[in-house]
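Peer 1: All chains should be built: construct the whole structure from the sequences, respecting the hints.
First to last, the sequence lines map onto chains A and B.
Per this note's numbering, the first sequence runs over residues 305 to 638.
Per this note's numbering, the second sequence runs over residues 17 to 257.
Hints listed in this document are in silico derivations from the structure and should not be mistaken for laboratory results.
The beta carbon of each residue, even a glycine, is placed where N, CA and C say it ideally should be.
Here are the in silico distance ranges between beta carbons for each label pair:
no., chain 1, residue 1, chain 2, residue 2, range
1, B, ALA198, A, ALA430, 50 to 60 Å
2, A, ILE345, B, GLN132, 38 to 48 Å
3, B, SER203, A, LEU329, 49 to 59 Å
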Amino acid sequence: MIARLSAGVSRRSAVLLTALLAAFLAAPWIVNDYLLTVLIIILYFAYTGQAWNIMMGFAGQLSLGHAIYLGLGGYVAATLFTQFGIGPWLGLLAAIPVAAACGAMLGFLAFRFGVAGVYFAILTIAFAEFARIGFDHLSLVNASSGLFLPVKQYAHNDLWRLRGGPTMFYYVILAATVFALALCHFLIRSRVGYFWLAIREDEQAARAVGIDTFRYKMYAVMVSAAVTSFAGVFYAFFYNNLFPEQVFSISRSIEIILGPIIGGVGTLFGPILGAFVLTGLAETLNSVMTAFGLDLPGATQVFYGICMLLVIVALPGGVWPPLARRLRVMKGKK
Amino acid sequence: MTALLSLAAVSKRFRGLLAVDQVSFTVPEGAIFAVIGPNGAGKTTLFNMIAGAMTPDEGSITFAGKPLGGLPADAVCRRGVARTFQIVRPFMALSVEDNVTIGALLHRRDVEAARQRARALLQRFDLFDMRARLASTLTLPDRKRLELARALATEPRLLLLDEVMAGLRPTETDRMVAILQALNRDSGLTILLIEHVMRAVMALASRVLVLDHGTAIAEGPPEAVVRDPAVVQSYLGAEAV
Chain A
305 MIARLSAGVS RRSAVLLTAL LAAFLAAPWI VNDYLLTVLI IILYFAYTGQ
355 AWNIMMGFAG QLSLGHAIYL GLGGYVAATL FTQFGIGPWL GLLAAIPVAA
405 ACGAMLGFLA FRFGVAGVYF AILTIAFAEF ARIGFDHLSL VNASSGLFLP
455 VKQYAHNDLW RLRGGPTMFY YVILAATVFA LALCHFLIRS RVGYFWLAIR
505 EDEQAARAVG IDTFRYKMYA VMVSAAVTSF AGVFYAFFYN NLFPEQVFSI
555 SRSIEIILGP IIGGVGTLFG PILGAFVLTG LAETLNSVMT AFGLDLPGAT
605 QVFYGICMLL VIVALPGGVW PPLARRLRVM KGKK
Chain B
17 MTALLSLAAV SKRFRGLLAV DQVSFTVPEG AIFAVIGPNG AGKTTLFNMI
67 AGAMTPDEGS ITFAGKPLGG LPADAVCRRG VARTFQIVRP FMALSVEDNV
117 TIGALLHRRD VEAARQRARA LLQRFDLFDM RARLASTLTL PDRKRLELAR
167 ALATEPRLLL LDEVMAGLRP TETDRMVAIL QALNRDSGLT ILLIEHVMRA
217 VMALASRVLV LDHGTAIAEG PPEAVVRDPA VVQSYLGAEA V
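Peer 2: Here's what the structure looks like:
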C-alpha cells in the first residue's frame with residue numbers, strides 16, 4: 305500500500321511533503337490558540353477543496369452546490385448523536401452513503417438527460433437550495449431554529465465522540481487532509497482517474513475510446529460527495545451547531561471552490577495551497593485591520609473577489625503549477 | 017473472406033433531407049474499404065451511424081455477426097470498432113503518452129500494462145520522443161498520428177477513419193498511407209475510410225463506394241470506379257478522366 309502510494313512521487317516531493325507534514329504535526333506546540341483555529345479553518349478548506357476537485361478538477365463536472373454534501377454529512381451525524389447518542393465516527397458511516405446517494409440522484413438526473421456545462425452547475429445549485437429549504441422545514445432536525453450539539457467543558461479530549469479542545473480537532477482535520485491527498489494521488493493514477501481526465505478533456509472523444517462516460521461521471525460525483533460529507537461531520541462537531549440557512553447556503557458552496565481555483569483546479573496540491581493563500585491572507589488582512597482599529601464588514605469578501613480576479617488574470621491555471629516548477633516537483637503534467 | 021461489417025438499406029433523414037438513402041455494402045475482414053463522394057453526399061452521416069454517434073432511421077448495421085445499429089459510441093468501441101475524428105480531438109491538456117494510455121486502458125485493468133502498450137504504439141508512430149509533451153503542443157500531422165495511436169490502443173477489429181488525410185501535405189499523406197498499409201498487412205486490421213484525397217484512396221483501398229446525394233452510385237475496385245461515367249459526372253469532374 306505504501307509502495308503504491310509513493311509511486312510517482314519524486315524524492316524531492318517526498319522530502320518537501322515530509323517536512324511540511326512535520327511542521328504541521330509540531331504546530332500545536334508552537335502557535336497560540338488563535339492561530340491554531342486559523343490552521344483548522346485552512347485545513348478544513350484544504351480538505352473540502354480536494355473533495356470538490358475530484359469532481360471538477362479530475363472529471364470536469366462543475367459543482368456549485370457542494371454545500372449539500374457538507375450539510376447532509378453534518379445533519380446525519382449530528383442527528384444520530386443528539387437523538388440516539390451515536391458517535392460521529394459511526395455517524396460518518398451513515399453520512400457517507402447518504403451523501404453519495406444524493407450525489408448519485410443528482411448525477412443520474414443530469415447525466416441521463418444530457419444536462420451538462422452551465423446547466424449542470426445550475427442543477428447542483430438547485431439541489432443545494434432544495435436541501436436548504438427542505439431542512440428549514442424539517443422538524444426532526446429542529447427546522448430553521450437549528451440543531452445544537454451539547455457543549456460542556458471537557459476535562460480531556462474524547463476522540464471517539466469528537467468532544468474536546470482545538471488541538472484534537474486540529475489533528476483530526478490534519479489527518480483527514482492527508483488522507484484526502486493520498487486518496488486523490490491514488491485516484492488520479494488509477495484507471496478511473498485516467499478515464500475522468502479523458503472525460504474532462506473531451507467527452508465525445510472519451511466515448512470514442514470506449515469509456516462509458518455516464519458511469520464514470522457518476523463515480524466522480526459519488527466519490528466527491530462521500531469525501532465532502534466528512535467535512536460536514538467535522539463542521540457540525542467543531543462548531544456545535546447547524547442551521548440550514550448557514551450550512552446549505554450558496555456561500556458555503558462558493559468558499560469550498562475558491563481554494564482550488566486560487567491554487568490550481570485539477571492539480572493535487574492546488575486545493576491545499578489555495579486554502580493556505582486565501583485563508584492566510586484573509587486572516588492577515590483581518591489582523592491588520594484590527595490593529596488599525598478598522599471595522600469594515602464584508603472586507604474579507606471583497607478581498608476574496610480581488611484574489612480571484614488577480615489569479616484569473618495573471619495565473620489562469622492557479623498558483624500551484626508555477627510554484628511547483630519553481631520547487632522542481634512537477635513532472636510536466638497535471 | 018467473411019463480412020466483418022455489413023450495412024443493409026441504411027437510411028437517415030434530417031427533417032426533409034434524406035442524408036443517407038438505402039445504402040447497403042459489405043466490408044470483408046481484412047479489407048481497406050473507402051467511401052468517397054462530394055461534400056454533402058452523406059459520408060459523415062454514414063460514418064457517424066456506424067460509429068454510434070447517430071442512430072439509423074431504417075436498415076441494419078451488422079458487425080462481426082451482431083447488430084450494431086443504435087448502440088452508443090462507447091459500446092460500439094468496446095465491440096471492436098475504433099474511430100478517428102475529421103477534426104482531430106486529442107485530449108489536449110494531457111501528455112501524448114497519457115492520451116494513448118487511456119485508449120489502452122479500455123481492455124486493461126493495470127495502468128502500467130496500458131502504459132507499456134501505449135509506448136509500443138508511440139514507437140511505431142514516431143511519437144515516442146514527444147511522449148511527455150502535451151497533446152496541445154503537437155502539429156496537425158503529429159496529432160493525426162496520435163489520434164490513430166489512441167484509436168488503435170483500444171484494440172479494434174475495424175478502424176474507421178474520417179478524412180484522416182485532410183490538411184496533410186503530400187509527403188505526410190504518403191507517410192500516413194504507408195502506416196495504414198502496414199497496419200492492414202501486419203495485423204490484418206480492417207479499415208473503412210472516408211476520404212477526399214484520391215491519391216490516398218487509389219493507393220490504399222481495395223474497394224470503393226461512391227455516395228452522391230445520400231445514395232450509392234457506384235461500388236467496386238478503385239480503378240473501375242474512377243472510370244465510371246456517373247462518378248466522373250458527379251464527383252471527380254470531367255478533367256479527372
